[in-house]
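Colleague: Below, each chain spelled out in residue letters.
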Amino acid sequence: MSAVDAVVAPLISAEQRKQARSVGFTLVVLGIVAAFVLGNRPGDAGFKLVDSYIFVIPAQPFARILALVLIALGAAQLLKGFGKWTNVVLGIAAATFVISFLAWAASGGSFSFTGMLQDTVTRSVPIILGAIAGIVCERSGIINIAIEGQLLGSAFAGAVVGSLFGPWAGILGAIAMGVALSAILAVFSIRYRVDQVIVGFAINFFALGLTSFLAARVLTEHPDYNILSPLRPIALPLLSDIPVIGVVLFTQTLFVYFAYMAVAIATWSLYHTKWGLRTRAIGEYPKAAGTLGVDVIKLRYRNVLIAGAVAGVGGAWWPIGMVGRFDQNITNGRGFIALAAVIFGRWHPVGALSAALVFGLAEAIQLKMSNLDTGIPSEFLLMAPYLVTLVVVAGFVGRSRGPKAAGQPYDAQ
Amino acid sequence: MQLELRGITKRFPGVTANDNVNLTLKTGEVLCLIGENGAGKSTLMNVLYGMYKPDEGQIVLDGESVVFTSPADAIAAGIGMLHQHFMLVPVFTVAENVVLGVEPTGRLGSLDIDKAREMVREVSDRYNLNLDPDAIIEDLPVGVQQRVEIVKVLLRDAKVVVFDEPTAVLTPKEIIEFFEIVKTLIAAGRGVVFITHKLKEALNVADRIAVLRRGQVVGEVNPKAASESQIAEMMVGRPVQLIVDKKPHAPGEVVLEVKDLSVVDADGRTMVDHVSFNVRAGEVVGIAGVQGNGQTELVDALTGLRNSTRGSVALDRQDITSASPRVRHAKGIAHIPEDRQRQGLVGGLSVAENLVLTRYHDEEFSNGIIMDWPAAHHAAENLIAEYDVRTPSPDVEASTLSGGNQQKVIVARELSRPLRLSIAAQPTRGVDVGSIEYIHSRIIKERDTGTAVLIVSTELDEVMALSDRLLVMYRGKIVADLDPKVTSAMDVGLYMAGSRPSNTVNA
Amino acid sequence: MKIVVTLRKIAERIARTSSFRLTLLAVLSAMVVGAFIIVLSDINKLQNGDILGAIKTVGSAYWALVIGSVGSLRAISATINSATPLILCGVSVAVAFKAGLFNIGATGQMLAGGMAALWVGFAMDGPGFVQVPLAVLAGALGGAAYGAIPGILKARTGAHEVITTIMLNNMAGFLVLWLLKTNLYQREDRTDPISKLVTAPGHLPRLFGFMDNRPDLIAHAGFVVAILAVIVYSWFLNRSTTGFEFRAFGMNADAAQYAGMHTKRLTVMAMMFAGGFAGLAGSAEVLGTYGYASQNFAGNIGYDAIAIALLGRSTPLGTLFAALLFGALQAGGRQMQANTDVPIDLIVVLRALIVMFIAAPLLIKAIWRIKVEPTSLGQAFRGQGS
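Residue numbers (our numbering), protein chains in the order written: chain Y, 1 to 413; chain X, 1 to 507; chain V, 1 to 386.
Please keep in mind that the hints were generated in silico from the structure rather than gathered at the bench.
Check before you lean on any hint, since a few could be wrong.
Stated by the list, open to error - Chain Y side only, calculated, beta carbon under 10 Å to chain V, not exhaustive:
1) 83
2) 84
3) 85
4) 86
5) 88
6) 198
7) 204
8) 227
9) 230
10) 337
11) 339
12) 383
Claimed, not checked - Negatives, chain X to chain V, calculated, CB over 10 Å:
13) 65
14) 144
15) 226
16) 237
17) 274
18) 305
19) 349
20) 353
21) 357
22) 371
23) 445
24) 490
Positions of the beta carbon are idealized from the N, C-alpha and C atoms, including for glycine.
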């Protein structure tokens with residue numbers, strides 16, 4: 001052995017190197033965009049935080065400074081890397097970029113920043129709850145592509161039952177519908193061992209068809225079955241008095257508070273309870289649990305039904321938490337976005353929450369953008385969140401691995 | 001506790017896996033259940049463990065007939081099982097795996113993980129198993145994983161412990177340690193059922209040996225009064241040749257030359273560490289080693305399935321370090337992969353299609369764009385006849401074939417063309433004795449025609465018997481280059497475990 | 001003569017396989033459930049106690065379904081017209097399935113292909129025998145290019161195609177909306193997003209164009225393209241080396257890699273082929289059915305295609321028949337909506353139920369108490385991870 005061989009550089013795998021590189025490139029690209037796009041509109045942008053205070057950002061200088069910083073950070077990442085701080089750097093860079101983007105869009109005017117953040121939280125509710133439903137299923141080894149159908153079906157049930165018997169009954173009705181659709185998924189995939197993706201898709205079609213059919217056949221003739229007054233936001237005492245944050249997080253409807261709770265409970269249960277240990281076991285390696293006497297089939301049934309109930313609340317958000325009625329295909333693909341949030345968030349409730357908030361932010365920005373004149377076609381702004389998701393999934397999430405046994409029917413024998 | 005199986009019969013569509021099996025196990029004894037792959041050993045144990053419901057017969061515990069409808073029943077009755085494939089969740093910690101199903105809980109059903117750690121430590125200390133409750137399973141060597149399985153069983157207070165092929169994945173040293181653990185269990189008044197197909201071990205550890213063939217118990221023997229060949233004949237039903245018949249080898253020019261090769265896996269771990277060796281024409285070089293010491297990665301790098309981070313590979317003095325699998329194939333390298341289900345075959349394709357899986361682009365079978373299926377079919381029929389593949393037709397799905405016949409399909413495909421180098425990884429894993437004999441003779445025949453042969457196997461007996469030269473791999477390095485004719489299995493075993501025999505013959 | 005013999009052979013094979021019986025029973029089961037839905041949603045009649053009337057509606061609705069799909073030449077033409085893009089998108093999803101990939105992106109690929117075909121359609125003015133093939137080709141290429149994106153992303157970074165294709169669908173929708181407002185595409189006298197008209201020689205010829213005074217027979221040569229696509233798909237899958245690679249890769253990616261197949265290239269190719277077929281569907285709609293493009297000319301076809309490919313088990317013939325069945329339901333559904341007060345959305349429910357029943361042979365067996373060989377649809381794709 002020569003002395004040269006003794007000095008061995010720490011080896012990192014090609015995968016890790018690639019990931020680090022893509023982070024660096026992303027920072028540089030963001031920097032270039034900041035320099036050439038976001039830096040091209042002079043004027044101050046007003047971010048209205050509270051009624052009496054508007055925070056003013058000079059759009060052009062802000063973007064130019066940001067551009068320099070981003071390119072520098074990107075170069076540093078490419079040359080040396082931030083190691084374990086990479087994600088933190090990237091997160092702060094992305095957040096600042098979004099602010100610069102908003103400043104660019106609003107330059108020469110002002111808009112309610114707090115309102116936008118509040119919208120973000122509100123609109124992420126069905127995505128959060130849908131994603132939790134997905135996580136609970138997939139962690140137990142059942143792929144749930146049917147989130148969209150569960151949301152849509154329970155939105156319909158929530159609207160009709162809510163119109164007839166009041167919002168609380170409506171929520172119960174929505175939960176019942178979510179559980180019923182989940183039961184179809186459970187029976188077909190567990191009992192009849194049908195490919196879970198097939199059943200999932202069939203349930204989506206079934207829910208879309210049935211709700212559209214009933215909306216056209218029943219609700220058009222009986223408009224009184226489809227009108228209710230949605231729940232009003234409740235300001236939590238003390239917490240809602242915190243400036244900005246109080247409005248954004250704690251002056252919301254019960255749905256938002258339920259979503260917070262769902263994330264907290266799901267996280268705690270999955271990682272700190274007997275149920276969670278068994279659930280994760282049957283999603284990873286059901287036979288290991290089965291040979292230790294855990295009833296895999298029963299636990300899978302139970303979890304899929306729980307997921308249906310959670311999705312049911314998510315579906316009820318549309319009629320009872322937001323618009324007060326049901327419209328054909330009112331969910332408009334949010335279930336699929338929730339599915340993306342599951343994968344994006346690496347099958348972890350908190351990860352899914354973050355992903356859902358990103359999608360919620362995108363929706364909120366879209367709402368605001370339609371009021372602002374930015375000079376570039378609105379379609380491109382509307383497209384941006386999907387493009388961002390594409391870039392993020394391709395660049396950073398990559399080959400994320402779900403629960404190993406997801407999609408495989410369990411054979412007790 | 002006395003355990004009796006009375007007249008157990010279990011049928012599957014088309015086969016009777018267990019046919020009127022009677023067995024008895026007393027406290028404090030080791031009963032060895034021996035038989036070929038597919039003889040029905042595992043089925044029988046799954047019946048005992050409540051995973052299969054027997055079609056006939058009963059299980060009797062201390063004179064009382066019991067019915068197990070699930071593993072939970074069997075566990076409650078004091079039966080513990082270590083499955084051949086470990087029943088461990090790879091991403092869980094030791095403690096999490098051990099308490100799964102009997103979780104200690106605190107308030108609100110929360111998991112008391114401290115208590116779980118305590119439980120693992122306690123059992124681990126009592127039986128001297130030396131386990132870290134917080135280690136993640138997938139980071140542990142198989143020998144340690146097996147100890148986790150043992151703790152699982154002990155924690156559930158099993159009176160009867162069933163070991164299904166427990167030594168298949170262990171080093172000779174770990175096997176010795178394992179037998180020590182078995183003795184401790186016996187001393188603690190537990191009964192042990194030991195399932196194996198390895199004759200030496202059965203003779204070594206058992207108080208009684210029951211031989212299973214085609215689902216039936218064909219006899220019980222006393223290990224003190226029986227010989228290996230006697231039992232082998234009972235297992236197979238005919239006299240068996242236990243040694244590979246081969247002429248002395250005549251090595252020619254160097255065909256494969258590996259220089260200073262290193263391979264890093266996806267997690268950044270160095271799996272192959274500065275490895276250099278040669279294989280000559282007409283020579284069988286064996287690589288022995290415990291599973292997971294870099295053999296898989298080495299073979300992947302030699303066949304082009306994985307990039308190396310350093311070093312070079314040359315075939316007939318031509319550098320092929322970065323050649324694709326396709327190019328290597330064209331240069332005359334055959335590859336019998338270690339996992340036939342995962343890599344070697346496409347179960348959903350027909351036998352004929354599998355027989356051209358690596359060769360469909362050859363002139364013989366296609367013009368590059370259009371397949372010549374009649375030609376492929378014709379070739380398949382010939383290969384099926386030549387290699388004695390038992391299949392109803394070339395058109396049935398490969399997944400319907402038995403393990404031995406699937407392996408013959410792969411061997412037929414890989415060896416049925418002019419070759420320079422043949423790489424075979426675990427060529428006889430999970431294959432019946434008849435097929436093993438056949439595959440071994442094929443490999444030796446290939447050597448005799450002047451092909452360089454590289455065999456990678458964790459079955460020490462197999463590499464010792466086949467190889468003309470034996471390399472031992474440990475933690476990614478080649479730690480020994482031995483002549484199998486003058487080296488004892490014990491010494492090879494020591495190298496496999498990372499130590500060195502005191503009276504080194506050659507190294 | 002040879003064709004007749006082949007057709008007879010195919011017919012025999014279909015009749016012999018249990019999957020044919022299974023499909024019939026699944027359709028029947030779906031119709032029974034559908035009948036319940038029709039009756040139970042007939043609130044007015046039920047409130048008046050007119051149960052018999054509600055049941056009568058079922059009869060007339062189903063009768064309209066039959067009449068509207070195969071009851072006349074006009075109905076058959078409508079069925080063919082509806083089935084055309086479904087066949088093409090069905091093949092799109094099927095070819096990806098065969099390679100183990102889940103193409104949810106047929107909608108986006110259809111939009112991309114349709115816009116490409118449309119450009120040739122209005123930019124040229126004959127001669128037809130040049131313009132039409134050129135436009136159709138442009139459609140295929142446009143779809144293939146758009147399909148290549150998720151393929152390349154998957155091959156290079158491992159990004160899951162389920163996510164990327166959904167995102168690309170949404171993006172395609174906005175891209176089309178933007179394009180339809182540009183000077184290039186927008187019709188001169190319009191302010192809403194609607195495209196220029198395809199010039200007269202650029203239209204796909206009408207199938208029944210030889211019949212006088214029958215402008216109601218709307219089926220066009222896109223159907224011929226679709227049938228050709230099925231034949232090409234079948235040939236590709238069973239005769240070509242790449243088709244063999246697709247099948248091996250789709251069933252066992254590790255084995256494909258072991259066998260020296262370029263799995264990354266296969267991933268990109270599979271998505272490109274899928275995109276190409278979907279692009280053809282887009283051009284058929286634009287050049288044959290509409291003659292222009294509006295914002296949402298792809299509709300739900302890309303999603304229906306998933307059900308079709310699943311139903312047809314991704315085989316060429318299976319996909320063709322499944323698409324024809326769905327097309328017939330579509331055409332019949334319009335008649336049903338016109339004749340009765342039963343909305344066309346019922347057919348979405350029926351389609352979902354058919355897929356579910358087909359996928360669960362054990363259930364069908366239990367319901368009808370018969371012996372059906374347990375043919376399973378198998379794993380559709382390789383899970384979500386990896």
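Colleague: Checking a non-interface call: every C-beta of chain V should be farther than 10 Å from the C-beta of residue 349(X). Is that right?
Modeller: Per Cβ check, residue 349(X) is inside 10 Å of chain V; nearest 6 Å; violated.
Colleague: Non-interface claim for residue 226(X): all C-beta distances to chain V beyond 10 Å?
Modeller: Fine: 42 Å to the nearest Cβ keeps residue 226(X) off the interface.
Colleague: Is the nearest Cβ of chain V still more than 10 Å from the Cβ of residue 274(X)?
Modeller: 26 Å, holds
Colleague: Identify whether the interface hint at residue 383(Y) stands, where standing means a beta carbon of chain V within less than 10 Å of its own.
Modeller: Where the cut-off is 10 Å and the nearest Cβ of chain V is about 4 Å from residue 383(Y), the hint holds.
Colleague: Is residue 371(X) truly not at the interface, in the sense that its beta carbon sits beyond 10 Å from all beta carbons of chain V?
Modeller: Violated, because the least Cβ-Cβ distance between residue 371(X) and chain V comes to about 6 Å, which does not exceed 10 Å.
Colleague: Going by Cβ atoms only, is residue 198(Y) closer than 10 Å to chain V?
Modeller: 5 Å, holds
Colleague: Is the Cβ of residue 353(X) more than 10 Å away from each Cβ in chain V?
Modeller: Its Cβ does come within 10 Å of chain V, the nearest being 7 Å, so this is violated.
Colleague: Holds or violated: is there a CB of chain V closer than 10 Å to the CB of residue 86(Y)?
Modeller: 17 Å, violated
Colleague: Beyond 10 Å from every Cβ of chain V: is that where the Cβ of residue 357(X) lies?
Modeller: Residue 357(X) is in fact no farther than 10 Å from some Cβ atom of chain V, at 5 Å.
Colleague: Residue 144(X): least C-beta distance to chain V exceeds 10 Å?
Modeller: At about 27 Å from chain V, residue 144(X) clears the 10 Å cut-off, so the statement holds.
Colleague: Taking the minimum C-beta separation from residue 237(X) to chain V, is that value above 10 Å?
Modeller: 34 Å, holds
Colleague: Restraint: residue 230(Y) near chain V, CB-CB cut 10 Å. Satisfied or not?
Modeller: 25 Å, violated
Consistency with the previously given hints fails for numbers 1, 2, 3, 4, 5, 8, 9, 18, 19, 20, 21, 22, ordered from lowest to highest.
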